[in-house]
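Chains A, B, C and D, in that order, are what the protein sequence lines are.
The first sequence begins at -13 in the numbering used here and counts up one residue at a time.
The second sequence begins at -13 in the numbering used here and counts up one residue at a time.
The third sequence begins at 2 in the numbering used here and counts up one residue at a time.
The fourth sequence begins at 2 in the numbering used here and counts up one residue at a time.
Treat the hints with care, since some could be wrong.
[Said to hold, decoys possible] As a list, the in silico DSS-like pairs of lysine-lysine whose alpha-carbon atoms are at most 25 Å apart:
| # | chain 1 | residue 1 | chain 2 | residue 2 |
| --- | --- | --- | --- | --- |
| 1 | C | Lys66 | C | Lys224 |
| 2 | A | Lys233 | B | Lys260 |
| 3 | B | Lys260 | B | Lys176 |
| 4 | A | Lys17 | D | Lys224 |
| 5 | D | Lys244 | C | Lys254 |
| 6 | B | Lys(-4) | B | Lys208 |
| 7 | C | Lys148 | A | Lys287 |
| 8 | C | Lys244 | D | Lys287 |
| 9 | B | Lys(-4) | A | Lys260 |
| 10 | A | Lys233 | A | Lys260 |
| 11 | B | Lys(-4) | A | Lys208 |
The hints are simulated quantities; they were obtained by calculation from the structure and are not laboratory data.
The structure displayed is predicted, hence computed values, not measured ones.
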Amino acid sequence: MALGELSGLKLGQATRDAFGDALKDLGAEYKDVVTVDGDVGNSTRTEPFAQAFPDRAFNVGIAESNMVSVAGGLASSGKTSVVASFAAFLLCNAYDQIRMSVAFPGLNVKLVGSHAGISIGEDGPSQMGIEDVALACSLPGVAVIVTADGPSTKAATKAMLDHKGPTYLRLGRPKAPVIYDADCDFTIGKANVVKEGKDITLIANGLMVSAALDAATALEKKGHSVRVLDMHTVKPIDEAAIIAAAKETGRIVVVEEHLAHGGLGSVVAMVVCKEHPVPVSFVNLGDTFAESGDGDGLLEKYGLTADSVVNAAEGLLS
Amino acid sequence: MALGELSGLKLGQATRDAFGDALKDLGAEYKDVVTVDGDVGNSTRTEPFAQAFPDRAFNVGIAESNMVSVAGGLASSGKTSVVASFAAFLLCNAYDQIRMSVAFPGLNVKLVGSHAGISIGEDGPSQMGIEDVALACSLPGVAVIVTADGPSTKAATKAMLDHKGPTYLRLGRPKAPVIYDADCDFTIGKANVVKEGKDITLIANGLMVSAALDAATALEKKGHSVRVLDMHTVKPIDEAAIIAAAKETGRIVVVEEHLAHGGLGSVVAMVVCKEHPVPVSFVNLGDTFAESGDGDGLLEKYGLTADSVVNAAEGLLS
Amino acid sequence: MHGPRTSPTESRSHPGTTDVPLVEAFSHAEQLTYRLGRASFRPKPVNNTYKMDEDQKLSIDELKKIATTLRKHIIEMTTAANSGHPSSSLSAVEVVTALYFGGFMNYDAKKPDWPERDRFVLSKGHAVPVLYAAMAEAGYFGVELLKTLRRLGSVLEGHPNLKRLPGIEASTGSLGQGLSIGLGQALAARVDKTKSKVFVVIGDGEMGEGQVWEALAAASKYKVGNLTAIIDQNGYQQTGATKDVLDMGDFQKKIEPFGWHVQTINGNSMEEVVDALKTAEAVTDKPKMIVSKTRKGYGILPLLEEAGDTNFHGKPLPPAMAEKALAMLS
Amino acid sequence: MHGPRTSPTESRSHPGTTDVPLVEAFSHAEQLTYRLGRASFRPKPVNNTYKMDEDQKLSIDELKKIATTLRKHIIEMTTAANSGHPSSSLSAVEVVTALYFGGFMNYDAKKPDWPERDRFVLSKGHAVPVLYAAMAEAGYFGVELLKTLRRLGSVLEGHPNLKRLPGIEASTGSLGQGLSIGLGQALAARVDKTKSKVFVVIGDGEMGEGQVWEALAAASKYKVGNLTAIIDQNGYQQTGATKDVLDMGDFQKKIEPFGWHVQTINGNSMEEVVDALKTAEAVTDKPKMIVSKTRKGYGILPLLEEAGDTNFHGKPLPPAMAEKALAMLS
Ligand SMILES: Cc1ncc(C[n+]2csc(CCOP(=O)(O)OP(=O)(O)O)c2C)c(N)n1
Ligand SMILES: Cc1ncc(C[n+]2csc(CCOP(=O)(O)OP(=O)(O)O)c2C)c(N)n1
Ligand SMILES: [Mg+2]
Ligand SMILES: [Mg+2]
């Protein structure tokens, strides 16, 4: 069964497409915005912006380190730099440049990583961003956003441009089930309760919000009342929403298309241990690279499915 | 008061010095070992090895990306590559090379990062590895080791060379208080109980083991029984030791010279939430870069002291 | 005429991936090799190093036939996978053919871990279909395996994975790292005092990665005479012509000052490729670069022109177009 | 003769660092400036751009005097800090002096955020003492602040920190990034249609970083005529002579093919530095490189020879040696 089907969601835009559309649409109004690309603008979807505003778009070729520091230089001269590549190449291949040319000076650079997660499919591990959230959160002062669907990505794109300071936006390649209305709000740092419930809370972001909603549907059928939180901002984390979940539902499952280490799960765990210890289960990629294959098959094989979430939840509920 | 003084420890070698001595001493026996440096061998202390075995030592200049992939190439041809730089430059500046040239193929490369933490002092944030543990743990299959003193670093260096597969060893710049005997054992993945206790457990690694011991001494004076765990391996984590601490002492403080995100604290939190939820407090750098200054002054200013640990512990004990 | 049977077992296991059903399925399949009427393409051991007998060496015409076979494999497997980078693979066919079948590389497809083998590193990892095609023809595994390209469970991943497929010498896919890896392998041969040589193929767009220039400088420092790099200068990168995206211009002028021996050739001419590799073979006191000027999609250019996209980056030929392409190559 | 009073307030606050006691202590101190008998060194606004009047321009002799002053500051502040990189700073003194005081850079020390200013990026950030010395003499802050170098709380960190010290244009210290940052600033000036120019100083060891070569290629693509880079070729890097560690040889031969205008000069000759900067100023259709051949520790070479270490990398002069050095410079 396709992601989101069980909970009645329809497939919509990929988050990278929604970002690309929003960026282009905002381009005229946000005159300080420039883009810096590393030969993958047709994949990250900065291309429409670049075509509309060629004087504000720079493609420096396959050279991610230079790409990021150029973006930092532009930002230090007052520009709002949007620098985009595959999440894996942006975060992994230009990490020190993000650290020193962007995060340490606290410049207004918007880091955008597409092709996050294993759902990109056939290209395989070299192109999959599975550690990007851990890396982005390890940069002091950088806000980290992982959106679930097209509408919220559009809103997040605007919120990101309005936010002063460095941010990271994680985007996916495949079409995503639509969860939010077209005119939805987006507040950095404020989790969305996409479903209320009182026995257990599923905390997810990205594509996994749909998996969590499917799991919730399945669990409700079995008589459990399930809360689903879209924790679209990993940093700064919405501690209040987590504490409320711990106190009010007593059990938490965290679901993400990311390695176990340094992802949303680890952030939630620290908040829970510090503020209100309750049992938490984690559904994620663990500590492994994936492989080539079709996106759905990979999610299945590596356990990033509604079924896994249901199992984890039932483990806590029993 | 100097680190370790309260608990009667004497200053010994810096962990980087102990590593350098051990590497050179093991060089004759471990004939497959080669070193790859990026113009900082006199800082990381690979220099003695390079002088003793010039044909097996390569200094590729200030070019960390090349440095790491060269080490990967050597390892793919059967060498045990030891590649060393400042933690910040090794992990941040060559992350993608570690990911693709080392971790993904699972090659036998020993990544060694010196100058970790803020205790390096005057050189300031650009040279401080404060995110290296988060980054290293985000590499599937890489073992991550953070040693506390000279003797255990020597033993860890040997254990690392004996271990098949990629590993990361984190080293400090300042002299470290001596905790272990000269002939101590070191087992990757097995935490050491450096002090028994039953009211609370302090889990630490690196220089912070000494801070934890000082804190334990202070807390014992106030009538608390305190366990101190040297969690020298962050990955694979010693789940059993953490679960025992949670069950037997009911409270945990995690202390590390690292950002909050993705460090030892986050790993402990996930284990605790999953296996046996109890209150945990965290003493770390939080989410900030530090600054220039003397090492002791910086540890003080950024709260990486025995006092901070005592406060955190008392918060849990009261 | 059958070549050697192969058994590409997973000697190196992959964390999290315990099943490799597609490999098993084909491990005992007949090996078709290159169908040229030669008995086997396995170089024989001579004085503890593997050398090809003179009478085993292939003529230029025979190499061209293999090249055509590889081109067909490339098109078939990417169209079957419905993804991949055929045009990037096609430009490099002559170079890869000459290396694997022209007697320039010593290897044993049945003993892929033979320590004294020569190494081939495909730094532009997305062009791996050309490498899989060559490996199949060389006897590393059965050609039937090719049609499992990019399928879940197959060892023929979208980019080369050293851990899962014996004979792959470097896990690439993140551009820029292959020359450094090759340099490490060249240095290992020096430490071990073996005669191993290393060959690295790099994309012209990939030359934008600074790491390649780091490796150029370091290779020169160590005067690695056993390292040969080939730039597949096909004039395009992902988002357009290299002259528009990042014009590196004349590679020879840029690389000679780095202390390399450099030749510039037409890399889609088998004659020129073989000549250049011979010339490079004779240079043993410094690293060697061959700037191989090629056309992206060489072999089916009229079809790409017809489709209005002479880059055709990262997309398979639709089935009908693939059929035309195969016909064109026959 | 007093220069402008300065008040280097923390306009950009640092997370986790709320106190800057050392700055406050010196913020109202007298500004000594460069003691040359000139009234002020603040270029005046002319037609909405800041230009120095002809009669304000300093002679070569005056520039040499400033250079000597900077050298003294470098030695004093690193010895006071008991850490830092005096030899790396000393080699670049002529270049930095000419840029800040020779009329090549438009800036206003009292308005460090003036958008149309020219930018100076010290890519080899460990040489920041030379920059702090120049900034103090130019009036960004009081010279008394120099002796707080590297002390806890001081804005004069061990490497330049854009966030804490107005007038610093890039946070460096991880080698290799400055040219890219400068390129971004040069492109921003193009987008904004301002006349801002950018100057970047790079170490010769630092040239090993591939990112610099990425930036060289990209700057050429964008033909940034407002970007000038200077390689401080002092012949040493951290672990030895560049010719032993990573010999880049002749930078001019390597960089010209990247499409840059390149000059090679004696960078410890104020005459040659000023001439080269004038020549570069006149080239406006492509990026410009000055290969500045210098001596690491220039100004106190006999003392380094006496100490048996002509690299003297990353260590301050012991007090007695510093005293000799200051005497030598007087
Ligand atoms: C580090 C990195 N950045 C970006 C990509 C995405 N990418 C894959 S192929 C390609 C273009 C490669 O161009 P070129 O090297 O000329 O090879 P060609 O396809 O033309 O043979 C890009 C940008 C990548 N794989 N790795
Ligand atoms: C990315 C990075 N790698 C290593 C270092 C450590 N380091 C500081 S200075 C230095 C040597 C610099 O040599 P060079 O560029 O020639 O400058 P010089 O000191 O000779 O002026 C090194 C290796 C660093 N700061 N950044
Ligand atoms: Mg190309
Ligand atoms: Mg130098």
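Results of checking the hints against the structure:
1. For the proposed pair C/Lys66 and C/Lys224, the alpha carbon gap of about 36 Å is over 25 Å, so the pair is violated.
2. Only pairs whose Cα atoms come within 25 Å are accepted, and A/Lys233 paired with B/Lys260 is accepted, the gap being roughly 17 Å.
3. Distance check on the hinted pair: B/Lys260 and B/Lys176 sit about 19 Å apart at the alpha-carbon level, within 25 Å; holds.
4. Taking the CA atoms of A/Lys17 and D/Lys224, the gap is near 23 Å; set against the 25 Å cutoff, the hint holds.
5. Distance check on the hinted pair: D/Lys244 and C/Lys254 sit about 22 Å apart at the alpha-carbon level, within 25 Å; holds.
6. The straight-line distance between the Cα atoms of B/Lys(-4) and B/Lys208 is roughly 24 Å, inside the 25 Å bound, and the hint therefore holds.
7. As the CA atoms of C/Lys148 and A/Lys287 are separated by approximately 21 Å, the hinted pair is consistent with the 25 Å bound.
8. With a CA separation close to 17 Å, the supplied pair C/Lys244 and D/Lys287 stays within the 25 Å bound.
9. At roughly 34 Å between alpha-carbon atoms, B/Lys(-4) and A/Lys260 are farther apart than 25 Å, so this suggested pair is violated.
10. With a CA separation close to 13 Å, the supplied pair A/Lys233 and A/Lys260 stays within the 25 Å bound.
11. Of the supplied pair hints, the one linking B/Lys(-4) and A/Lys208 is violated, its CA atoms being roughly 62 Å apart against a limit of 25 Å.
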